[in-house]
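Taking the hints as your guide, dock the two standalone chains into a single complex.
These protein sequence lines are chains C and D, in that order. Take the first sequence: its position 228, counted from the start at 1, is 556 in my numbering, and no numbers get skipped. Take the second sequence: its position 23, counted from the start at 1, is 24 in my numbering, and no numbers get skipped.
All the given hints hold, so there is nothing to weed out.
Derived Cβ-Cβ restraints for the label pairs, each shown as a range:
1) C/Ala332 x D/Gly207: 32 to 42 Å
2) C/Leu365 x D/Ala159: 42 to 52 Å
3) D/Arg286 x C/Ala438: 23 to 33 Å
4) D/Arg321 x C/Asp395: 37 to 47 Å
5) D/Gly135 x C/Gly547: 49 to 59 Å
6) C/Val349 x D/Asp201: 51 to 61 Å
7) D/Ala219 x C/Asp395: 33 to 43 Å
8) C/Leu506 x D/Thr108: 20 to 30 Å
Keep in mind the hints are simulated off the structure, nothing from the lab. Remember, predicted model here, so these are calculated numbers, not experimental data. The beta-carbon is built from N, C-alpha and C at its ideal position, and this holds for glycine as well.
So you can see what is in the structure, the chains are spelled out below.
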Amino acid sequence: MNTAASRERILGRVRRALADVPHDELPEGHPVARDYLSTHGQHTPIESVDLLARNLTDYRALVHRSDEAGLPVLLSRLLAARGARRVVVPTGLPDRWLAEAPVDIVTDSASAALSPGELDAIDSVVTGCALAIAETGTVVLDAGPDQGRRSISLVPDHHLCVVRIADQVVDSVPQALLRLAPDRPLTWISGPSATSDIELDRVEGVHGPRTLEVILVAGDPRPTSAYPFDVRS
Amino acid sequence: MSSGRKGRHVGSATGPSDQADGGSLGRPHSATYLGMPAFPQAAAVSTRDSRLRSNLRHATHTIRAKRAQAVAELADWDRLRSAGAAIKDRTLRHLDHYLVQLEESVTRAGGRVHWAADAAEANRIVTELVRATGETEVVKVKSMTTQEIGLNEALERAGIHAYETDLAELIVQLGDDLPSHILVPAIHRNRGEIRDIFRDRMANWGRPAPEGLSDRSADLAEAARLHLREKFLRAKVGVSGANFMVAETGTLVIVESEGNGRMCLTLPETLISVVGIEKVVPTWRDLEVFLQTLPRSSTAERMNPYTSMWTGTTDGDGPRFFHLVLLDNGRTDTLADQVGRQALRCIRCSACLNVCPVYERAGGHAYGSPYPGPIGAILTPQLRGLASPLEESLPYASSLCGACFEVCPVAIDIPEVLVHLRERVVEGGVVTLRGTRTVIKPARRHRAERAMMRAARWTFDHPGALRHGQRLLSRTRGLLPGRLPGPGRAWTDTRELPDVPAESFRDWWARTRGDAT
Ligand code: SF4
Numbered sequence: 329m330n331t332a333a334s335r336e337r338i339l340g341r342v343r344r345a346l347a348d349v350p351h352d353e354l355p356e357g358h359p360v361a362r363d364y365l366s367t368h369g370q371h372t373p374i375e376s377v378d379l380l381a382r383n384l385t386d387y388r389a390l391v392h393r394s395d396e397a398g399l400p401v402l403l404s405r406l407l408a409a410r411g412a413r414r415v416v417v418p419t420g421l422p423d424r425w426l427a428e429a430p431v432d433i434v435t436d437s438a439s440a441a442l443s444p445g446e447l448d449a450i451d452s453v454v455t456g457c458a459l460a461i462a463e464t465g466t467v468v469l470d471a472g473p474d475q476g477r478r479s480i481s482l483v484p485d486h487h488l489c490v491v492r493i494a495d496q497v498v499d500s501v502p503q504a505l506l507r508l509a510p511d512r513p514l515t516w517i518s519g520p521s522a523t524s525d526i527e528l529d530r531v532e533g534v535h536g537p538r539t540l541e542v543i544l545v546a547g548d549p550r551p552t553s554a555y556p557f558d559v560r561s
Numbered sequence: 002m003s004s005g006r007k008g009r010h011v012g013s014a015t016g017p018s019d020q021a022d023g024g025s026l027g028r029p030h031s032a033t034y035l036g037m038p039a040f041p042q043a044a045a046v047s048t049r050d051s052r053l054r055s056n057l058r059h060a061t062h063t064i065r066a067k068r069a070q071a072v073a074e075l076a077d078w079d080r081l082r083s084a085g086a087a088i089k090d091r092t093l094r095h096l097d098h099y100l101v102q103l104e105e106s107v108t109r110a111g112g113r114v115h116w117a118a119d120a121a122e123a124n125r126i127v128t129e130l131v132r133a134t135g136e137t138e139v140v141k142v143k144s145m146t147t148q149e150i151g152l153n154e155a156l157e158r159a160g161i162h163a164y165e166t167d168l169a170e171l172i173v174q175l176g177d178d179l180p181s182h183i184l185v186p187a188i189h190r191n192r193g194e195i196r197d198i199f200r201d202r203m204a205n206w207g208r209p210a211p212e213g214l215s216d217r218s219a220d221l222a223e224a225a226r227l228h229l230r231e232k233f234l235r236a237k238v239g240v241s242g243a244n245f246m247v248a249e250t251g252t253l254v255i256v257e258s259e260g261n262g263r264m265c266l267t268l269p270e271t272l273i274s275v276v277g278i279e280k281v282v283p284t285w286r287d288l289e290v291f292l293q294t295l296p297r298s299s300t301a302e303r304m305n306p307y308t309s310m311w312t313g314t315t316d317g318d319g320p321r322f323f324h325l326v327l328l329d330n331g332r333t334d335t336l337a338d339q340v341g342r343q344a345l346r347c348i349r350c351s352a353c354l355n356v357c358p359v360y361e362r363a364g365g366h367a368y369g370s371p372y373p374g375p376i377g378a379i380l381t382p383q384l385r386g387l388a389s390p391l392e393e394s395l396p397y398a399s400s401l402c403g404a405c406f407e408v409c410p411v412a413i414d415i416p417e418v419l420v421h422l423r424e425r426v427v428e429g430g431v432v433t434l435r436g437t438r439t440v441i442k443p444a445r446r447h448r449a450e451r452a453m454m455r456a457a458r459w460t461f462d463h464p465g466a467l468r469h470g471q472r473l474l475s476r477t478r479g480l481l482p483g484r485l486p487g488p489g490r491a492w493t494d495t496r497e498l499p500d501v502p503a504e505s506f507r508d509w510w511a512r513t514r515g516d517a518t
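This is chain D alone, in the form it adopts within the complex (with noise of 0.2 Å):
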């Protein structure tokens, strides 16, 4: 079923010198997402392998089960969802505010505060500090963030091996493989997948697979534990993500399951977080909201099994050297869109992803990103910038269906700013690229309408898709009077379409779409 990830990935150019038995497997090494193909063509190849979308399917189906139970549980979801929203927007809103208070406090309580404008600054700065250390290896909670910079490939390229721990993670590196769910990373895997990866792949890692590793799934965590727990064991220096940073007291927060996060956060002498500038929050209080809200949109739980919370360093007690680097990246020229900064609200749960019905017919390889999904379908596009065919064509990966706007904890509009950027993507206007205001033209035409009408037409292609699509006139209507809901302006105006905002998506599409090609 891997076919088509295989050839994405780029091979490491060094070997490491203690692993004498790589063999023709190599090293397994974290594959990479440049390069990815625009969203219809990725999805087309997710689309066509059966497995893929019966685990995805089941995945997002039984999560989705849960979570609107977990939810329901509070009478108050509202409100905590109201007020999540509201304190993000707080702190967005005076976000040079809260990073100074931040910087402070966690200066205050033993840490070093490092800035890193863009990925390649913040993998420079770890790479230093792990140099500093003297050690060659580092052990790692999953991260979407340090996905994002490509912080294992960039140590890697200096003779650092980054060992993944989340099991899924786990799964994902030594299959030399791409994530594909913000949550359940190798969704995309089986379990007799897993064993095979197991057996052949991790005695190139560390401790090799128990003999005869059957396909259970207790059996297979036991092999990862004992995998991991000598690297644990010896680690000298951690690296981390993390849920939220409190500007008030300098905390840190990690939400996990597993134990692994824990064991990075507590056990290496040094401890080097990268944490994206939109993860603080004003006050130690307002943890109490996120904390009921993120663990029933993503795990469905009513509070997951570990959640650690460290402030700076405490003597005798984990880590002795804690750095936090604060990463922007193309935060800040989101930031800067006042339709599209809600995105960076996001607390990364994933709700949005398992109840979307083109991200459970795509997969989220597809999305080209570590974000897939609907939040990667907006977020991508504004941190990268409408940079290639394949950010143009992200914000058509979708039915506008709204369901994603439903359940998201801090009630990211996604709708909202999918149209938002589509009109960018057609239209052109002012953005923000790496800081500076610049005008884009409106992608070249042909391009545009070739990327929207495959995205779209992909999503239109699998009805179930569009199942929930018929909201989307009241939804876009109330946004952008006036407006096609779709493609855009230009498409409006090469195709003359009368009164488009009275008219619903799917009649539209089957009115319109023998004049696409």
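Bound conformation, chain C alone (with noise of 0.2 Å):
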């Protein structure tokens, strides 16, 4: 059996299965109503904000508030607090954000990329976001360059996300998804890492980095034209 003819197969039966829909509806002819709604609640930018960092705090990630110039000193102080010493970076990081920590910064990259074994051995992982979620409490990250590899963020016991409040925090689930590109590796995170399976104790940090800070940084919108379908640089 090979599975070309199993292909055939399915799709044969998938065909008769469905004698009974009309040979002419299209696919889009069953309607979907779609009167749910965008965003849950109007708020203004402040308000998105706020609800963001609540959100973010009820499912247990640690949220910080600075503005650009005071980032360095409050990624600083967070990583010395941690007591990391080996921080990896991806590639698209600004420099200036780790210019006051002292610690050993490695840059991962494509063509320079850790391996797993290396990666558990580093403290702690420094990247942005795409964009963050108010209604659910959400970062997303898309491997954008400040974000990187998809592995950077997840084996390190320890995640820094910066979210630029001026363009990246969107409503809802919807609103993300309309910026968002489909062709990315995305990773949505909500919180650190949890299980609920040891007699429904809540216990955080199983696999995934066990401590979630998320820094929002207030400043001045980036020029986001060619946001998001094109690769930023």
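In structure tokens, the structure reads:
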């Protein structure tokens, strides 16, 4: 049995199974009413950021606020508090961000990629994000230059994620999907990894980073004309 | 407490050569659902097990209350639910179109698509793909589809070890046990048992449990983290299912909590995803509905901790090879049934389990498949056909109270399908089996009656299971006017029940049970 024959068999079974569907019904012909809300409630930008912070905190992410100028000091302080010595960053992370941090910085790129074992020996990872969703308390990474390969924000136990509140916060899931590019690998993160598998006790942190710190940075929006469907550089 | 489960597992015939210390425990190995007793017998065992019952009650009631809260946060819940149902119906009504589109999209993005008509073919495809890599172990993300086809056992027979990496699946696998809940598969185990399983069994699989492991949840999670990490770091092949596949873009989506999914999807060189054909959705935009309804229905969260989306392969990031195995295995047979096909809308959130009074008392194992609870009661008999007393009895494992329908985020009318399947059991009729339209005879009357009476009696002997049962009447009356909402026409014929739909099920039962034996 080869899988091409199975393809025909399955598609044939599907077609026979659907004999009751009118011949001339187009796929889009079956109606889908999209009368659900595109956001839940009207928020000013400040309210959206507050909601994001509340929802992130609710799912046990640690939330900090800063402005652009204060970011290096804040990152340095957070890494020191954690006792981090080796920190991995993607190639597109602004150098300035970690200029104050007394840590060894390892830059990961597709051409100089750390192995999973090497990443396991790293204390912390610092990334940006593609966007954040206020209603759900989610940051979304799309492997852009300031976020890097998916594995660098997965294997280390401590993830510092920087969100630019001027242009990266959306209210809702529908708004997020509009801005995200499907052809990029996407990771939606809502709080640190968790399990409720043992007597439904929520335990933070099984395999992903057990500590997620999100830094909400105020400042001017960057030019976003090409965003999101071009690779930003 | 495990006496009810022990006898059922099928041991692995060939032990791995690198495991000298398997000892009398043998290699931890997935048990199997084959040869499960019919629902009432299995339920009776679970019901006697008081720990299972109290774990289940605690779990289902906790999730239930939290879910209600998470759902209440969204003013447009009903509209999202209708849209979810409509999107799935659109997909199912044109499934051939969307599957072909999906195949094109995945292929364009660098993936390879394989088609598997049944479990054996899917297992063969996956086994060959793993063999081609030269690897002898794979890491797995929790996937009901691969449980359905018995993939771990098939790989084991080929000398390939499949490591489950979801914490609950790990507990189940190390305990040589069966999952009992879609979302919390080890819901039947308490902390002390889990500690013992880890302490006694982890060493057989790899890194042993830490010395002096306590039964604190955090310590147990840490033990799992350490045990599995070495497997993730060296894994070359990952095996997964998927929650959604987007036809338009070729994107696959996995929704999870622990991060083991991200590990399996990101670190290996080769990723093999085995996904039922009904998991396709037409467009990227359609995800906006399910990514709102699934987490809230399932873990009662605004959003689950991690959602991964990938489209084919990406240079320099994640697996270099991606294989998608599209699985039929009874789904097209289910699709052929115009009433029953709505079961294929299911997004496996498990909300229906958590509200089901029968599930709460019977436990997941009684349903004899990876799909427990109300969804299992309608899906298993359709995927497998009414093949044995187990499948024949499943449509009776319900008080038809309708709570499952109310919470279902894709509005599957489970009671309607249950009644429809009961009729099929009792009256026979046209069904599609492995793609061929077949007339099945009524189940031999005494056998059918026995199966249904046992299941029904089991339900009614547990009065809590009937608590919500009073809405049965109005529900089924609208669906099947003039028909008995219980065992069906054969029963009606022989017992000559007058004007049955006007009588409540409980009254009917009280009046007739004496005749049943
Ligand atoms: S039948 Fe509905 S409620 Fe039950 S698991 Fe499926 S989607 Fe969820």
